[in-house]
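Participant: So you can see what is in the structure, the chains are spelled out below.
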Amino acid sequence: MKNAIEIKGLTKDYKDIRAVDNLDLEIREGELFSLLGVNGAGKTTTIKMLCCITTPTSGDALLNGKSIARNAEEVKKIIAVSPQETAVASNLSVEENLFLMCGVHGFDKEKARQKTAEMIEEFKLDRIRSKKASKLSGGWQRRLSIAMALISEPQILFLDEPTLGLDVIARSELWDSIRELKGKVTIILTTHYMEEAEELSDRIGVMRDGRLLAVGTAAELKELTGEDKFENAFIKLVKTTGKGGER
Amino acid sequence: MKRLFAFSGRTMKEILRDPLTMGFGLGFPVLLLLLLSLIQANIPVDMFELTHLTPGITVFGLSFMTLFSAQLISKDRGSSLLTRLYTTPLKATDFILGYFLPVLPLCLAQSVICYIVALILGMQFSINIIWAILMVLVPSFFYVALGLLCGSALTEKQVGGICGALLTNFSAWLSGIWFDIDMLGKGIKTFANALPFIHAVELERAVVRGDFSAILPHLWWVLGYAVVLTVIAVFVFLRQMKRQ
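Line order of the protein sequences matches chains A and B. Residue 209 in numbering that gives the first Met the number 0 is what sits at position 210 of the first sequence, and the numbering runs on without skipping anything. Residue 160 in numbering that gives the first Met the number 0 is what sits at position 161 of the second sequence, and the numbering runs on without skipping anything.
Simulated from the structure, these hints should not be mistaken for laboratory data. Cβ atoms here follow ideal geometry from the backbone N, Cα and C, with glycine treated the same way. Please note: incorrect hints may appear among the correct ones.
Just the calculated beta-carbon pair ranges, DEER-fashion [unchecked claim]:
no.	chain 1	residue 1	chain 2	residue 2	range
1	A	164	B	44	25 to 35 Å
2	B	44	A	13	35 to 45 Å
3	A	17	B	77	44 to 54 Å
4	B	216	A	66	45 to 55 Å
5	A	109	B	216	14 to 24 Å
6	A	17	B	111	54 to 64 Å
7	A	66	B	211	30 to 40 Å
8	B	230	A	37	42 to 52 Å
Per the computed footprint, the stretches of chain A lying under chain B, defined by three or more beta-carbons under 8 Å from a beta-carbon of chain B, are [claimed, not checked]:
no.	stretch
9	29-38
10	81-88
Could you build all of it, start to finish, from the sequences and the hints given here?
Facilitator: Right, dumping it as C-alpha cells:
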C-alpha cells in the first residue's frame, strides 16, 4: 500500500527547547495512526508542522507527495484538521458552520449545498441544523467540528484529542463516527486515552521528549514490552525507553 | 473571491448577532443624541446644535466598531477556530480583508441611523448629510484598522480594557464633540491635535456645513493615521499568524 505521509528528519526548536527531534515516520494511505505521549511529548507540534501551521526548523514531510516545507498551499488543499479544542464559529448555526467551511474551500453554491446535506446526514445533525453552535453540548460541538473538517473531502485528516472532555456516551458515539471513516481517509489521531488508541488505531506511535520511542499495532507494542494491558505497555515504554532501557 | 466572501460573511454575522453590538454600537450613539438634544431644548448650547453635534456623535460611535472588531479577532485568536482556518486554503489577505471589510458597512449603517434620528429631532436635511455619511468611511478606515491592530496584539480581556475604556474615553474627551477642547488648556489641546479624533470630528462637521475648503488639513491627519495604523496592523497580524 502507498504511503500517505512520509516524514523525514522533522525537527522543531523553540528557543532552547527541542519540541520535535529528528522524527522519521511513514503512514500508509487509509490508515488510522495514533500518536500517543504524555504532555509535552511533541504530538501537537508534530501535527502543527504537518498541517503547515508551524514551520519546521529542519526536515520535511511529504503528504501525498506534497512537501510541507516547499508546497504548503498545495498541502492545505488535501488536509483537514479538527483541533484539540472545539473549533466552531459560536454565533453561526450548525448549517452555517458547514457552509463556512465550504466557502473557505472555494466550493460553488450547489456543491456547498450538496456537501452540507451529506455531512448533516452522515453525522446525524439534522435535528440541530438551525441551532447556534454555542448552544450545543460538548459532544455535539465535537461532532460538528469533525463534520467541518470532513466537508472539504480531505485525503488526510488530523484529529487532535477529539474526545477530550466528553462523557462516555458522547465518546462512544464519536468513536462510531471515526470508525466509519477508517479506510476512506488517512487519519492521524492524537489522544491521551489509551483505550481510544487501542480501540481505533491500525498502528500507534509513542512519543516522548519530541522523539518517537516505538511504532506498531497495539498488540505489537504489548508484545514488545511483555505487558498484557496496553496502558501498562505505554507506561513501560515511556518510563524505560532511552533511560537505560533503549528499545 | 469566494473564500474572502465566505470569511467576511462570517465576520459580519458574528458581529451582528452579538446583542452588545446592537446595544452599544447603534443604541448608545442614538441615546446620546437624544439626551444632548433634550439638554439643548431646555438650555440652548451652541455645541449641542444638531448640525454641530451629530457629526461628532457619528465619529464617536465608530469607537465601538473598533471594540467589536478587536474583540472578534482576539476571541478568534484565543479559540481553535483560527487554527482550523489557518490550515485551509485561505490566504493572509483573505483573513485581513475578511476582518476589515465587513465592518465598513456597519460603520455606514451606524452613521445613517444617527442622521435619521437627528432629522427626526429637527435637523434640516441637506445634500451635505449624504456627503458626510460617505465621508465617514475615512475615519471608519482609521477605527477599523485600530480594531485589527488591537485584536491582533491583545488578548480578549485586554481588548475590553484598552478599546472599551481607554479608546472610548480618548474618543469622547479629546475630540471636541461635547465641549470646546480649549477649555482643557494649551497642553491638552496640543496633545488632542496630535491625535486623529478631533480631526475626524472637524472633518465631518466641515462636510455637514458644506464648508469643503475646511476639510483640509483634517482629512490628511485622519488618512495619515489610518494608513500608518493599517500598515502596522497588517504587520502585527501576519506576525501573530506566523507565530501560531
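Participant: Taking the hints in turn, state whether each one holds.
Facilitator: Structure-based check of all given hints:
A hinted range of 25 to 35 Å for the beta carbons of residue 164 of chain A and residue 44 of chain B is inconsistent with their spacing of about 58 Å. The hinted range of 35 to 45 Å is not satisfied by residue 44 of chain B and residue 13 of chain A, whose Cβ atoms lie roughly 60 Å apart. In this structure, residue 17 of chain A and residue 77 of chain B break the distance hint of 44 to 54 Å, their C-beta atoms being roughly 27 Å apart. The hint said 45 to 55 Å for the Cβ distance between residue 216 of chain B and residue 66 of chain A, and at roughly 52 Å that hint holds.
Taking the beta carbon of each, residue 109 of chain A and residue 216 of chain B are about 53 Å apart, not inside 14 to 24 Å as hinted. The supplied range of 54 to 64 Å is met by residue 17 of chain A and residue 111 of chain B, whose beta-carbon atoms lie about 57 Å from each other. For residue 66 of chain A and residue 211 of chain B, the Cβ-Cβ distance of about 57 Å falls outside the hinted range of 30 to 40 Å, so the restraint is violated. The given range of 42 to 52 Å is respected by residue 230 of chain B and residue 37 of chain A, whose C-beta atoms sit roughly 44 Å from each other.
Check on the stretch 29-38 of chain A: 0 of its residues sit with their Cβ under 8 Å from a Cβ of chain B, so the three-residue criterion for coverage is violated. Look at the stretch 81-88 of chain A against chain B: 8 of its residues bring a Cβ nearer than 8 Å to a Cβ of that chain, three or more, so the hint holds.
The structure is inconsistent with the numbered hints 1, 2, 3, 5, 7, 9, although it conforms to all the rest.
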